[in-house]
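J.: Protein chains in written order, with numbering that gives the first Met the number 0: chain A, 0 to 371; chain B, 0 to 371; chain C, 0 to 371; chain D, 0 to 371.
Hints are computed from structural coordinates only; laboratory data are not their basis.
Please note: incorrect hints may appear among the correct ones.
Copies of one chain are not kept apart here, so a pair can be met inside one copy or by any two copies together.
As the list claims (entries may be wrong) - In silico lysine-lysine, DSS-like type, Cα no more than 25 Å apart, as pairs:
no., residue 1, residue 2
1, Lys7, Lys365
2, Lys215, Lys365
3, Lys42, Lys59
4, Lys183, Lys197
5, Lys188, Lys321
6, Lys365, Lys188
7, Lys183, Lys321
8, Lys215, Lys316
9, Lys215, Lys197
10, Lys199, Lys365
11, Lys321, Lys165
12, Lys365, Lys59
13, Lys74, Lys316
14, Lys215, Lys7
15, Lys199, Lys321
16, Lys321, Lys215
17, Lys74, Lys42
18, Lys174, Lys197
19, Lys188, Lys174
It should be emphasised that the depicted structure is a prediction, and the values quoted were computed from it without experimental measurement.
There are 4 protein chains.
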Amino acid sequence: MSGSIFGKLFSISTWGESHGAGVGVCVDGCPAGLALSEEDIQKQLDRRRPGQSRFTTQRKESDTVRILSGVFEGKTTGTPVSMMVVNEDQHSKDYSALENVFRPGHADFTFDSKYGIRDHRGGGRSSGRETIARVAAGAIAMKLLGELGIHIDAYATQIAGVSVSKDRLDPEEAKSNPLCMPDKEAALKCEAVLEELKEKGDSAGGIIECRVDGLKPGIGEPVFDKLDAVLAGAVMSIGAVKGFEIGEGFAAAGLTGSQNNDGFFACKTGEGSLTIAGKADHSGGTLGGMSDGGPLIFRAAVKPTPSISIPQETVDKDGRTKELVIHGRHDPVIVPRAVVVVESMTAIALADLILQDMGSRLDYVKNYYIGK
Amino acid sequence: MSGSIFGKLFSISTWGESHGAGVGVCVDGCPAGLALSEEDIQKQLDRRRPGQSRFTTQRKESDTVRILSGVFEGKTTGTPVSMMVVNEDQHSKDYSALENVFRPGHADFTFDSKYGIRDHRGGGRSSGRETIARVAAGAIAMKLLGELGIHIDAYATQIAGVSVSKDRLDPEEAKSNPLCMPDKEAALKCEAVLEELKEKGDSAGGIIECRVDGLKPGIGEPVFDKLDAVLAGAVMSIGAVKGFEIGEGFAAAGLTGSQNNDGFFACKTGEGSLTIAGKADHSGGTLGGMSDGGPLIFRAAVKPTPSISIPQETVDKDGRTKELVIHGRHDPVIVPRAVVVVESMTAIALADLILQDMGSRLDYVKNYYIGK
Amino acid sequence: MSGSIFGKLFSISTWGESHGAGVGVCVDGCPAGLALSEEDIQKQLDRRRPGQSRFTTQRKESDTVRILSGVFEGKTTGTPVSMMVVNEDQHSKDYSALENVFRPGHADFTFDSKYGIRDHRGGGRSSGRETIARVAAGAIAMKLLGELGIHIDAYATQIAGVSVSKDRLDPEEAKSNPLCMPDKEAALKCEAVLEELKEKGDSAGGIIECRVDGLKPGIGEPVFDKLDAVLAGAVMSIGAVKGFEIGEGFAAAGLTGSQNNDGFFACKTGEGSLTIAGKADHSGGTLGGMSDGGPLIFRAAVKPTPSISIPQETVDKDGRTKELVIHGRHDPVIVPRAVVVVESMTAIALADLILQDMGSRLDYVKNYYIGK
Amino acid sequence: MSGSIFGKLFSISTWGESHGAGVGVCVDGCPAGLALSEEDIQKQLDRRRPGQSRFTTQRKESDTVRILSGVFEGKTTGTPVSMMVVNEDQHSKDYSALENVFRPGHADFTFDSKYGIRDHRGGGRSSGRETIARVAAGAIAMKLLGELGIHIDAYATQIAGVSVSKDRLDPEEAKSNPLCMPDKEAALKCEAVLEELKEKGDSAGGIIECRVDGLKPGIGEPVFDKLDAVLAGAVMSIGAVKGFEIGEGFAAAGLTGSQNNDGFFACKTGEGSLTIAGKADHSGGTLGGMSDGGPLIFRAAVKPTPSISIPQETVDKDGRTKELVIHGRHDPVIVPRAVVVVESMTAIALADLILQDMGSRLDYVKNYYIGK
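One chain only, chain A, in its complex shape (with noise of 0.2 Å):
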């Protein structure tokens, strides 16, 4: 298979190219009798959007999604959502100089590689718009992820070597100004630093965090599918994503384990019941691969655009070497917009995990078949 399905319980199947007639995700999975409307979706596509800000793409798309399948009367039915988005802005001869050429830091050879044949326009397949497929699915998975009281929130912690101060890290801050960064003076020097980079026609990357509250313990299933491991390849499988860590991450490698380990305590909740939780949080919210109860905190490294204005060397599908300016509309930076995805991704993978963790008790089995 070509690698268009995630989940399996929660099962997203998405398609489409840059340059066809649109892109679309059809959802298997979705539990019956949750509210679900267009804008729920659109909401979600809309922060993606391009043209929003000075340092995005000025492609000009409304990107607007239409439910096909799958909800009756406002409410899931529990059978297939299928959605699409029509391509609109389609400037395809943009790319017909680009047919035989391989773009550096771009998908363009290792298509070529693998397929023997590209649809080389705008990317195709491997275009940012396939992550509108991502984000309308994940819409979906966080309105039931709502439903349970799971909240997720990204922003961006670095870019273009900029980096939010953790005293002053504030997740609402980043929903106001347009590079998603939690901390308003960060971003504004950062927005210094890109109409630098632009002006150049260069390109900067980024880190995204992503902060989840409200999962209860046990969610995720050990040895191969813990939920680090399957955040990791739901996050990674983002284009440009380069790295993954959670909690501590990379740093933990050069604690001690008096260091980095967190200790239990027990608090009373609301209602009187106990609850153990980490004194600290090095570990992210993960022990053994399921979650601890405490908020989850994971990293993504995002690479440069690789679509720059300044010349590159490379080579024709012929071998031979070929001088490349990029033309076309791109984006200086695509960590503000690839927040949401991020967000997106991991909604899907935790609602996959919460659906297959049903199943982890005999209790809960007789629960839901003979009711108490």
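The hints should help you fit chains B, C and D onto chain A, whose structure is shown.
T.: Frame of chain A, contents of chains B, C and D only:
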């Protein structure tokens, strides 16, 4: 499912607890006709066996593997290859004190939360012994890859805060020192640091780098089963791994596009055919989720061993505060023993993706079905 | 998941309800380089389109398919092929009377039981229109199999109690009568019986036989994914199919081993190479779950259409007894339209198993990876 | 893969050959907290053990099962349950004459064709001993279903051409005669016929019927994973099964809609709640691929044992004609021993579908995650 199955075509199913009858794996989907003996497996298992240096647990087990099926007259038959290692040196009583206490940094609390029942002896299913099954299956995958000219090499580039020097990095050296570091000088320095930590009853983490040579371009499936994503999932599923990065990884987040892009160039191979390759390897050997024909390079961050003999504060099942001192036989650092586990998961993931790639082109399918 | 995904490598994901926006399918895993046009798909869809004879529903829809992705310059690119058929002739109001009543023989009660919500219009997800997605995906699979020299032919051997004569069985004849029966005489007799049933407002069932030629030996996976098992699952998943048998099928239960065993014999093929084949075909072309190189022959039993205009006694949601008379446009027999659906599911299952077989031998893998 | 994994959530992975070290199965996904002992498994294995009557092979093996993992203090822990039965009474030399000859009706030729290599001793992977793994896994599934009030009962309704009488059908009787026939008179008649066949060195087939009680409505997933389709795939994957039908099955093809439709009626259960059920059971307990709350009834056709001692004509690997007389210890009829195998596959398939159904409704998910 409890997440103990990995792979779509080269599919492994693992089982076993630390203090049960043994640990094992069933490999379904290994192509028929591969020469395979118990020695092939044992050789790899011996690399992870405890008791080989003073920095690993003194638990003494021969970890002798037995092939139970799927091999006939020295060759795989295409049917499942089941393998088992009997548990020998079990000191189950060492763990009776831990029955109701949650060890910090371990999976005790999360296993209890998920299943409501837990084999507390030696970590049960979350014991490091679980990796025996990975290494046994990985040995088969590695033999298969060897037939295709693919070679995998992992080594520790950082342990206990001591990093190897890029200038001195020599993978061969990693085979001759007990820390599997590809830099003798760093290894010696590191041993001293570890000696000190061991005396204090503390532990250390580290970073493992893995390099794959011989991978043809186009391996990995676009979108969700990208080479990077599948490897990240495979490697992050190893207990104690908290981060994964490929190529420049997290460093790429701070580079510009012009710095990070790898231009292509053409070269002639031995037989005079044209090969196209990247000029540098910032990408780590993947573009768009598919191998680019160059060496694949990625890193995994390993947290410090959570079992330390320094007193720790924690709670028991009833929420009572407990001071915990972990006795028993533990590794002050598991990084050297994890090196072969990283290689194994890499081999399994690559074997699976290579088999998946076989159906990617009509001419491959026709060649297989009809011949030329 | 709601069970709308089929296949491991040639993987299809279907969606859509009778009275929603449309029905569709996303095919993930079709090899790149296959010539494919909308005409290829339309040709097959036209075989299941209603309104072609007086024995099928008079609902009038062109069922025009649109390929939305995965095809570039007339060839598949290896990326998902998404296809959609818009619903046109919807008389949703015909169904308002059925909102709270459970039609006998239909899925109304079970959908309600499972999901607690149901799109009652025209059967919703369980409508016969769901098979459009199977036929569209099957058309691609059939094109792929055609490239390998594999041919699939299905026809009705029994309808409304009228059986074809084995002596007169001619698959070509099935293409020229409206009942898809491979025996003109039987077809004429059958038409008379159906005419009578139609007048009474009653309906009929039948048996479809399917024959596959050109399958090389060894297709199908031993144990759970036997050729017989995968085909049985694929064909029994078609609505209204209540039985599946291969070769002698149920008749084999009454034979002795000496009667039922097919002795082997050797024959020379055109190129002088040795071929071994079975003397008879009691087995239906499989042994041990793998194809034996001979023609594959199996049958599916189709129940009579449950929508009849004869008054039926049933209950509504609240358990009140109701007399039900179904109006609307229904097929007195669906067997002729189901013939192409059986062929389609067969093609999809075979395409998937053939791709799976590619990794069954080391020499196949080496030939693909290294060439000879 | 070689097709030895079955199930999405209750997932089993089997291995082993007739004349290797043993046969086994790893069950991944059994809910934690289920009471389970080796006796639970052994009891079912003893039902398929050879040597229990003069109509089954005289191979003498105790077939003693050992649970290797996943059970702690008498309960399942949620981790994989690995089980193994050692092969004991192997007469491998009996098979040396068969190394290069293809036995009619067996998988020798197709295994050779697929893999190019074959463990010819005793049928290797395609031996009837493979079903030990199914029965061991099925015993766990049956215990799980028992906790939910679900009961499975299979018996032979036809052997060697002798059918049971519907009027005398008594499932309890099947437990007390060696042929597992639910009709004493038919069993006695059948024994006489088998005695005759045995003397001639010939063999017989038969039909197994299976009935499931206690299934709540809504089990099974619409479209491809219909209850009927999953059961058909599960049962047809048992060696020697050549046909599957549910409810009226093939007979439904000859009925009219008015005859075959099951009208619904309402009844009050013990607790006074409303239950809706079908008036008859032509459908066999499924509608639209989901259980309808009534008993599930289906049948499997089993071909006659292919190992007969009557001389047969066949060929060897080089295409030379050979007269074959099969010696060794074979069952003149396998139907009685297959009864428990049919029950086992049914239990595994149902356990898997029930776990899948748990996520079908938002209120189920909320109830599990938040409680009421």
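J.: Each of the hints needs a verdict: does it hold here or not?
T.: Outcome of the hint check:
1. For a Cα distance limit of 25 Å, the shortest separation of Lys7 from Lys365 qualifies both inside one copy, at 22 Å, and across copies, at 19 Å.
2. For the homomeric pair Lys215 and Lys365, the shortest alpha-carbon distances inside one copy (20 Å) and between copies (12 Å) are both at most 25 Å.
3. In this assembly of identical chains, the alpha carbons of Lys42 and Lys59 lie at most 25 Å apart only when taken from the same copy (17 Å versus 37 Å across copies).
4. Only within a single protomer do Lys183 and Lys197 lie at most 25 Å apart by alpha-carbon distance; the minimum there is 21 Å, versus 45 Å between protomers.
5. Taking the shortest Cα distances, Lys188 and Lys321 never come within 25 Å of each other, neither inside one copy (36 Å) nor across copies (48 Å).
6. With identical chains, the CA atoms of Lys365 and Lys188 are never at most 25 Å apart, being 57 Å at best within one copy and 44 Å at best between copies.
7. In the homo-oligomer, the alpha carbons of Lys183 and Lys321 never lie at most 25 Å apart, since the shortest distance is 42 Å inside one protomer and 43 Å across protomers.
8. Taking the shortest alpha-carbon separations for Lys215 and Lys316, only the inter-copy value of 17 Å comes in at or below 25 Å, while the best intra-copy value is 52 Å.
9. Taking the shortest alpha-carbon separations for Lys215 and Lys197, neither the intra-copy value of 44 Å nor the inter-copy value of 36 Å comes in at or below 25 Å.
10. In the homo-oligomer, the alpha carbons of Lys199 and Lys365 never lie at most 25 Å apart, since the shortest distance is 64 Å inside one protomer and 48 Å across protomers.
11. For the identical chains of this complex, Lys321 and Lys165 are neighbours neither inside a copy (45 Å) nor across copies (32 Å), given an alpha-carbon limit of 25 Å.
12. Taking the closest pair of Cα atoms, Lys365 and Lys59 never come within 25 Å of each other, the shortest separation being 53 Å inside a single copy and 40 Å across copies.
13. With identical chains, the CA atoms of Lys74 and Lys316 are at most 25 Å apart between copies only, with a shortest distance of 19 Å across copies and 50 Å within one.
14. For the homomeric pair Lys215 and Lys7, the shortest alpha-carbon distances inside one copy (20 Å) and between copies (24 Å) are both at most 25 Å.
15. With identical chains, the CA atoms of Lys199 and Lys321 are at most 25 Å apart within one copy only, with a shortest distance of 21 Å there and 60 Å across copies.
16. Taking CA atoms no more than 25 Å apart as the test, Lys321 paired with Lys215 passes between copies only; the shortest distance there is 24 Å, against 55 Å inside one copy.
17. Proximity of Lys74 to Lys42 under the C-alpha cut-off of 25 Å is restricted to the intra-copy arrangement: shortest distance 18 Å within a copy versus 36 Å between copies.
18. In the homo-oligomer, the alpha carbons of Lys174 and Lys197 lie at most 25 Å apart inside one protomer (23 Å), although the nearest pairing across protomers, at 47 Å, exceeds that limit.
19. For the homomeric pair Lys188 and Lys174, the shortest alpha-carbon distance inside one copy (17 Å) is at most 25 Å, but the shortest distance between copies (47 Å) is not.
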